[in-house]
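Visitor: Given next are the chains, with one letter for each unit.
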Amino acid sequence: MLEAENLCKFYGSVMAVQNVTFTLEPGQVLGYLGPNGSGKSTTVKMLTGLLQPTYGEVTYHHQNVHKDLIAFRKILGYVPEEPNLYPHLTGEEYLDMVGTLRAMPPSRKSTRINSLLELFSLWPHRHVTLGSYSKGMRQKILLIAALMDNPDVLILDEPLSGLDVTSVLIVKSLIQALSAQGKAVFYCSHILEVVEKVCSHLIVLRKGHVLAHGPTSAVREKIGKSSLEDVFLDLVEDVDITQVVTDIVGVVASP
Amino acid sequence: MISRTKQWLEERRCAFRRSPFGCLVELFLGRMFRGAGDAEAGELDLGVGVILVLLAMPGLLVSLLMLEKYGSLIRFLSGQGAVDPFRAALPDEYLFIVLSVSVTGAAALWRWDTIFLDRRDYANLAPLPLSLGAIFFANLCALLALTGVFTFVANGASVVLFPIAVVGSRPSLSLFLRFAAGHAAAVFAASFFSFFALFALAGLLTALLPPSAFRRVSLSIRFVSVVALLILLATSLTVPDLLKRLSIANAHRVALLPPVSFLGVARTVWAGANDAFSASMARAAMIAVGVSLLTAMVAYAFSFRRSFIRLPELADARPMARISYFLSLLAFSRKLPFRSSTERACYHFVSRSLLRSTAHLQTLLCFLAVGLVISADAFAAGSHQFSTGPSAVPTVEFLSIPFILGYCTLVGIRFAFEIPLDLRANWIFQLWLDPDRHDARSVVRRALLVFSLSWMGPPVLLVTWAYWGWMTALLHTAIWCASLLVLVEMLLIRFRKMPFTCPYPSFQSHSPLLAVGYLFGLYIFKSWLPELDQWSVLSPINALWIIALVVSAFAGLYWYRNQMLDMDKRLTFEDLSRSTFL
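Here the protein sequences come in this chain order: L and A.
Per my numbering, the first sequence starts with residue 1, numbered consecutively.
Per my numbering, the second sequence starts with residue 1, numbered consecutively.
Note that these hints are calculated values from the structure, not bench results.
Simulated restraints on C-beta separations:
1) 74(L) with 356(A): 40 to 48 angstroms
2) 217(L) with 141(A): 52 to 60 angstroms
3) 221(L) with 137(A): 50 to 58 angstroms
4) 210(A) with 197(L): 42 to 50 angstroms
5) 135(L) with 12(A): 38 to 46 angstroms
6) 137(A) with 66(L): 19 to 27 angstroms
7) 287(A) with 74(L): 43 to 51 angstroms
8) 287(A) with 70(L): 35 to 43 angstroms
9) 8(A) with 152(L): 37 to 45 angstroms
10) 118(A) with 107(L): 27 to 35 angstroms
11) 210(A) with 221(L): 44 to 52 angstroms
Some residues of chain A that are not near chain L, with every Cβ distance over 12 angstroms (derived):
12) 221
13) 528
14) 538
Note that beta-carbon positions come from the ideal geometry of N, C-alpha and C, so glycine has one too.
So that you can see chain L by itself, here it is in the shape it has in the complex:
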């Protein structure tokens, strides 16, 4: 069980996240929604132990993760927002490196790498350097790297970015299948339709504050909206979408 208690993060005097509290149970998929700059990535960095919270703590099975980061990261699979990989390594070499650094037994490591490369349709490209991969291919490599050691907790920051339609369908089903197996999944995204379909629970964030938290259907009912898109617009955005569109067209079409 992963818990965040009153997480706060300040960069100097700038507040990025304030009083974020939630519990992520095994088998749960928690969606984390918010507009750009709302503090999603900062929360993710604190959950993975990359950032130390200014106040509050992240615990796993009631142990502060910062007390034994190495042990926590052994059970953690993380897909970052940006696929910032080593361009001089091939896809296979990168995964082999991650497996070795995770201290996976060699036989299990190579079996899993080969199978996952095949299943993610990257087998023909395994000897190509990552510098030549498309964004979607890099994203697949990140997904394989996160999954290959069978982690108990998955933290996914925009995992569908750049993926083709088939891969998106596979990953969406995969997340549900993994949660059914008892994995805890923290899912951070902008794509409301996917969050609505995949996540059992939801947190909506704005300017570092939690606006809504609970089961997805409960959040929707509480706000009294039929779709998550309407919920999101109602809670987060102050702008009149139609007016903004009209203004843009006006600027583009102006002489």
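Put chain A on the given structure of chain L with help from the hints.
Guide: This is chain A only, laid out in the frame that chain L set:
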């Protein structure tokens, strides 16, 4: 026995590589050799083999020349009898030490950005179950291994060949071993000193400066370091002569130069403990190595904390701010020579890319550093004119200064054009530029002239006017401008792309020929053109010959371009991903 040892070593090596620590060391070594960023985005990724060959080449070539110089037959023919090898080889030992310092220093400056861990390392390694200590020590091990490889490769050939050249014909094995040990100790220590001193400098800058300032200052420091290394290399022309004339014991002032201290190491090994002065020089050299190593380690520890552990707290570094002032100064130059909006947009892209991209600016500054050092040498050679009072005609050395600087600037910019930026961004030029018009070449031509004539022209005219009058000034400036115009046309003779938008394999394939061409061009601009310039200054009627020469050069270039096929003039884009010498 040997095969069992080999097998055991191979097993140990495989086991090390399979361990997380060994895997990290291998990863860091790979990034140090290959560069930290995308090879297609402003990195000269030459591959490990080419890097090692480039490092080994200077030592190897000089060593081969020594085989000839110390050959018994040559000595017999030049009337030299038996000589004391330790004394005779001292000037050449100095040359090897300087070469060792310069080559290793150049390698360290080249790999400056990859020595320390960056955002990519953080993004890939920090979420994995690894201790920070393992990452710290793995990078340190990779660094020490890199130092060892650079040192060994840069000096390997001379350690074997130089002793063979000097004492190979003597029957005594102990003499040979003593000479080889002294030489090896001196050049290896010099290499270590050079690498660790620059490493310490980079580490201190990373540890002390905020990331935005680091980028700007680091470029300036590297430029100064390149100039210092070139000056050091240039001392190999004068110091050996001084050492020949002076007794080493009396050469206290010369001994202040770091490479001379390393001569003390060689002499101490060669002569044992007999020479107190050499022993004190050797002590100073070893202290210098120790201090540079210690400073490098301390700086590394601080910079690791600053640049790696605290990385997620820091914002991304923004483009270099000072460049924007320079760009605003250049803004007026955009309006004059660039008429159409396409030309202005292309020039905008070229000037900003050249001045904002570290890799491109670094390349240009390297060429400029070479130009500055050669110009300084020319100025020193020509400065006697000022001490002996005013004369009617400037010396060839003085006249050569703007020629050298102009040549190095233009060739440097042209070279930088071959290093690609992000190729994925090329769609914008492919979409907007007409491949059958020659907008790109005309923009590049004018950009080259703006970047050379605009800042060098006024001082050339004013300084020459102040010392030798308006006639000489006008004539000299006109000849200099005409030479640069011809050079620009020659540099662009087969140029048919937007700068920075194509990968460089085709450029790499004929780069050795280009290097020879660049050297030949430098010779022409350093000696031949200034002599012609002086000749026409002495008698302005001679300038008619120069006009004829320039006109025929332009006519020749025009004819050559006209007989080229249309397909060879078409604007080209190569979207293929990077390719390296492997």
